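Residues per chain are reported as follows:
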Amino acid sequence: MKSPLRTQWLTRDLLVRLLFPLLVIVAATAALGTYTAKRLTDRVFDRWLLDAAHSVASLVKFDQGQAALDLPLIAQTILLYDDNDLTFFSVSQGERLLAGRKGLPASGTGALTYRRGLTFETLFDGKPVRIARVDLNETGAHSVTVLVAETQLKRQRSTQELLVVFWPMAVLFFAAAGAIVLAVRGTVRPLELIAVRWSERSHTSLQAISDQDVPRELLPFAAALNDLLARIREMLARERQFAATAAHQLRTPLAGLQLGLARAAKAPDIASARAVILELSQSTQRTARLVQQLLALGTLDPEIRSGLDFRRHDLVALAQDVGAVHADQALSKAIHLELIAPPQPVWAFVIPDLIAEALGNLIDNAVRYTPKGGRVVVEVLSNPLLVRVSDSGPGIDKLERQSVFERFVRGRLAQGEGSGLGLAIVRDIAALHGAVVSLCDSEWGGTAITIAFADRGGVGEP
Amino acid sequence: MRLLLIEDDAVIAHELMLRWHAVGWAVQACSSLAAADAVCAQDATGDGFDLIVLDLGLPDGDGVHWLARWRLRNRLTPVIVLTARDRVADRILGLNSGADDYLVKPFDPDELDARIDALQRRSLSSRGEFLQFGRIRWLGDEGRAYIDNAALELMPREFEVLGLLMVRAPRMLSKRSLIDTLAQRNIEVGDSAAEVYVSRLRRKLTESGATIRTLRGFGYVLELTSNAAPHR
Numbered sequence: 006m007k008s009p010l011r012t013q014w015l016t017r018d019l020l021v022r023l024l025f026p027l028l029v030i031v032a033a034t035a036a037l038g039t040y041t042a043k044r045l046t047d048r049v050f051d052r053w054l055l056d057a058a059h060s061v062a063s064l065v066k067f068d069q070g071q072a073a074l075d076l077p078l079i080a081q082t083i084l085l086y087d088d089n090d091l092t093f094f095s096v097s098q099g100e101r102l103l104a105g106r107k108g109l110p111a112s113g114t115g116a117l118t119y120r121r122g123l124t125f126e127t128l129f130d131g132k133p134v135r136i137a138r139v140d141l142n143e144t145g146a147h148s149v150t151v152l153v154a155e156t157q158l159k160r161q162r163s164t165q166e167l168l169v170v171f172w173p174m175a176v177l178f179f180a181a182a183g184a185i186v187l188a189v190r191g192t193v194r195p196l197e198l199i200a201v202r203w204s205e206r207s208h209t210s211l212q213a214i215s216d217q218d219v220p221r222e223l224l225p226f227a228a229a230l231n232d233l234l235a236r237i238r239e240m241l242a243r244e245r246q247f248a249a250t251a252a253h254q255l256r257t258p259l260a261g262l263q264l265g266l267a268r269a270a271k272a273p274d275i276a277s278a279r280a281v282i283l284e285l286s287q288s289t290q291r292t293a294r295l296v297q298q299l300l301a302l303g304t305l306d307p308e309i310r311s312g313l314d315f316r317r318h319d320l321v322a323l324a325q326d327v328g329a330v331h332a333d334q335a336l337s338k339a340i341h342l343e344l345i346a347p348p349q350p351v352w353a354f355v356i357p358d359l360i361a362e363a364l365g366n367l368i369d370n371a372v373r374y375t376p377k378g379g380r381v382v383v384e385v386l387s388n389p390l391l392v393r394v395s396d397s398g399p400g401i402d403k404l405e406r407q408s409v410f411e412r413f414v415r416g417r418l419a420q421g422e423g424s425g426l427g428l429a430i431v432r433d434i435a436a437l438h439g440a441v442v443s444l445c446d447s448e449w450g451g452t453a454i455t456i457a458f459a460d461r462g463g464v465g466e467p
Numbered sequence: 220m221r222l223l224l225i226e227d228d229a230v231i232a233h234e235l236m237l238r239w240h241a242v243g244w245a246v247q248a249c250s251s252l253a254a255a256d257a258v259c260a261q262d263a264t265g266d267g268f269d270l271i272v273l274d275l276g277l278p279d280g281d282g283v284h285w286l287a288r289w290r291l292r293n294r295l296t297p298v299i300v301l302t303a304r305d306r307v308a309d310r311i312l313g314l315n316s317g318a319d320d321y322l323v324k325p326f327d328p329d330e331l332d333a334r335i336d337a338l339q340r341r342s343l344s345s346r347g348e349f350l351q352f353g354r355i356r357w358l359g360d361e362g363r364a365y366i367d368n369a370a371l372e373l374m375p376r377e378f379e380v381l382g383l384l385m386v387r388a389p390r391m392l393s394k395r396s397l398i399d400t401l402a403q404r405n406i407e408v409g410d411s412a413a414e415v416y417v418s419r420l421r422r423k424l425t426e427s428g429a430t431i432r433t434l435r436g437f438g439y440v441l442e443l444t445s446n447a448a449p450h451r
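From first to last, the protein sequence lines stand for chains A and B. Counting in my numbering, the final residue of the first sequence is number 467, and the numbers go up one at a time with none missing. Counting in my numbering, the final residue of the second sequence is number 451, and the numbers go up one at a time with none missing.
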């Protein structure tokens with residue numbers, strides 16, 4: 006759309022496609038016309054020549070095999086009279102010239118055979134001439150050849166006069182070509198203008214373009230462009246908000262770190278400085294976790310999720326893997342971590358990496374907020390197909406149960422750690438799978454979060 | 220101990236070298252996979268390093284692929300992977316790619332040293348040396364285990380399982396890696412058989428000051444009784 010080069014090509018293509026056939030048609034018509042005109046004049050003038058040859062032949066008399074010609078002078082004058090062309094004739098029996106010019110050729114090129122004789126072209130006296138030949142045969146005598154030659158001035162004039170008919174055709178051709186060029190330019194010009202207008206607009210603003218003055222055929226393009234602009238606007242807005250929140254969230258632990266460093270610098274002795282530094286190292290871990298979660302949220306952006314692929318995957322094996330990743334964390338708090346799952350695989354059509362991320366977040370949250378010695382249970386069920394993480398932690402207040410799934414919202418009881426992103430990530434991943442996340446009280450008074458998939462799981466062999 | 224450190228970040232490499240030189244470990248540092256290949260090529264004996272610490276995001280390639288190639292050559296040298304990739308899926312991939320352990324940046328250097336120690340213990344045990352956890356002693360050469368000086372009556376498979384638990388302690392030995400490791404030693408056991416060995420072993424360890432805790436569905440931990448969390 007933006008490149009004017011494309012429009013130029015369009016013009017050229019249109020012109021070539023319209024003008025080339027026009028040129029071919031005109032050229033073919035002209036060639037055919039010229040041929041027909043030439044042939045017509047040739048035939049007309051050939052007949053006259055043949056008439057003359059026959060009238061001379063009618064005067065030939067045979068006497069015992071000897072031919073004789075009685076051509077009165079007045080008749081010869083009439084025969085040879087012509088305003089424009091030169092006319093010659095000869096009558097001969099074998100090698101014997103009875104009358105007329107000596108040396109008229111008896112054959113030549115471009116011969117045409119008529120019922121009454123034949124005509125051909127040749128050079129005589131250095132001039133191109135057309136000759137009509139009539140042979141007279143008398144039994145018991147040598148045949149008599151009558152030749153009447155004529156220069157071709159009249160013929161050429163006649164042909165040229167006939168060709169005048171084609172001049173209007175040439176004019177018509179140029180007129181049509183001009184009309185085509187103007188029509189194509191006129192049609193493409195608005196396209197160029199619209200392209201320039203759209204391109205100028207999209208450089209300065211992402212607002213939708215107006216479809217006024219847009220030709221009907223271009224409306225789909227305008228709609229597609231507007232659609233794209235709308236999505237870009239939406240993406241940019243989300244990106245900006247995300248960057249702003251992320252910056253704010255990352256600044257908070259950095260501020261804490263700075264305060265801590267200041268305190269450590271002023272510590273009276275190395276032992277108390279060391280205590281501060283130990284505290285601070287936890288803050289770096291927290292920040293790292295926040296970064297990871299921000300990244301996870303980034304990959305869940307609907308604009309880029311098309312690259313992710315769903316696969317059949319065993320949720321039990323997945324839960325075991327994720328649990329193994331979090332086992333150390335649970336052990337260090339003496340938390341009893343267990344998996345309740347069928348002995349066979351539970352197959353589900355999922356994006357395994359994302360389900361691992363979601364489950365990891367749930368287990369991480371559960372372990373983080375459950376007091377020492379507590380309990381975290383991971384369940385995988387095949388019918389209904391769901392994954393659930395329950396804990397014996399403090400639970401989440403009923404009033405907060407909706408809002409904890411929002412980004413950067415943390416439960417009131419969630420002290421210190423936590424970015425407020427974990428459950429938002431879980432919600433987004435579930436939504437991507439068409440699964441539903443729900444939160445309720447666990448058996449032990451803590452929280453139970455369930456990801457319930459829409460389809461039914463397969464159990465056993467894949 | 221000889222360590223091969225493959226890490227392209229100069230600050231991290233410098234800090235780790237300082238730390239490990241201080242405890243007397245010999246460290247060879249490489250900043251790219253190509254350099255690591257060159258160092259390993261010189262090392263004709265193959266397993267000349269006791270342990271490899273591998274960063275995944277290196278300038279000339281992905282450490283995971285290097286690790287896969289390394290493992291194909293049957294190198295048994297333990298490998299700890301260090302990486303900035305922190306997605307749960309990345310951690311699972313790291314653990315299943317042939318790495319023996321996995322740490323995410325930023326990490327606590329003490330934690331790294333503890334993991335190195337644990338892997339050292341494991342590689343010693345696979346060479347038939349000995350392990351100690353609390354009052355339990357495990358002697359690979361003899362194929363026997365003791366509580367203080369009293370011999371434990373163990374079936375050969377229970378002995379293997381105890382060794383694996385002691386190597387991992389106090390961290391979890393996942394059921395899957397228990398079964399996989401036994402399979403590598405040509406001991407085929409199913410899910411339920413593994414549970415049977417563990418519960419028999421647990422009974423035999425009642426007087427040992429240590430106990431085997433089950434993280435149901437996930438795996439087992441060998442822990443000292445005094446530290447053990449109260450069971451519900």
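Just so you know, the hints here were simulated from the structure itself, not pulled from any lab data. As the structure is a prediction and not an experimental result, all values here were calculated from the model. Don't take every hint at face value.
Claimed, not checked - The list that follows gives simulated cross-link-like pairs (lysine-lysine, BS3-like), each with its CA atoms no further than 27 Å apart:
#	chain 1	residue 1	chain 2	residue 2
1	A	K403	A	K377
2	A	K271	A	K377
3	A	K338	B	K324
4	A	K107	A	K159
5	A	K377	A	K338
6	A	K66	B	K324
Said to hold, decoys possible - Derived coverage of chain B by chain A (criterion: at least 3 residues anywhere in the stretch with Cβ under 8 Å from a Cβ of chain A; other residues may be distant):
#	region
7	223-231
8	352-364
9	381-395
Beta carbons: idealized from backbone N, C-alpha and C, even for Gly.
Do the hints match the structure? See the list:
Taken as a hint, the A/K403 and A/K377 pair is honoured in the structure, with Cα atoms around 24 Å apart against an allowance of 27 Å. For the suggested pair A/K271 and A/K377, the alpha carbons sit about 34 Å apart, so the restraint of at most 27 Å is broken. Note on A/K338 and B/K324: the hinted pairing holds, with a Cα-Cα distance of about 22 Å set against a maximum of 27 Å. Between A/K107 and A/K159 the CA atoms are separated by roughly 24 Å; this keeps the pair inside 27 Å, and the hint holds.
As the CA atoms of A/K377 and A/K338 are separated by approximately 5 Å, the hinted pair is consistent with the 27 Å bound. With a C-alpha separation of about 130 Å, the suggested pair A/K66 and B/K324 falls outside the 27 Å cut-off, and the hint is violated. Counting residues of the region 223-231 of chain B whose beta-carbon sits less than 8 Å from any beta-carbon of chain A gives 0, not enough to reach three: the coverage restraint is violated. Requiring three or more residues with a Cβ within less than 8 Å of a Cβ of chain A, the coverage given for the region 352-364 of chain B is violated, as only 0 such residues are present.
Coverage of the region 381-395 of chain B by chain A holds [criterion: at least 3 residues with CB-CB distance below 8 Å; count 6].
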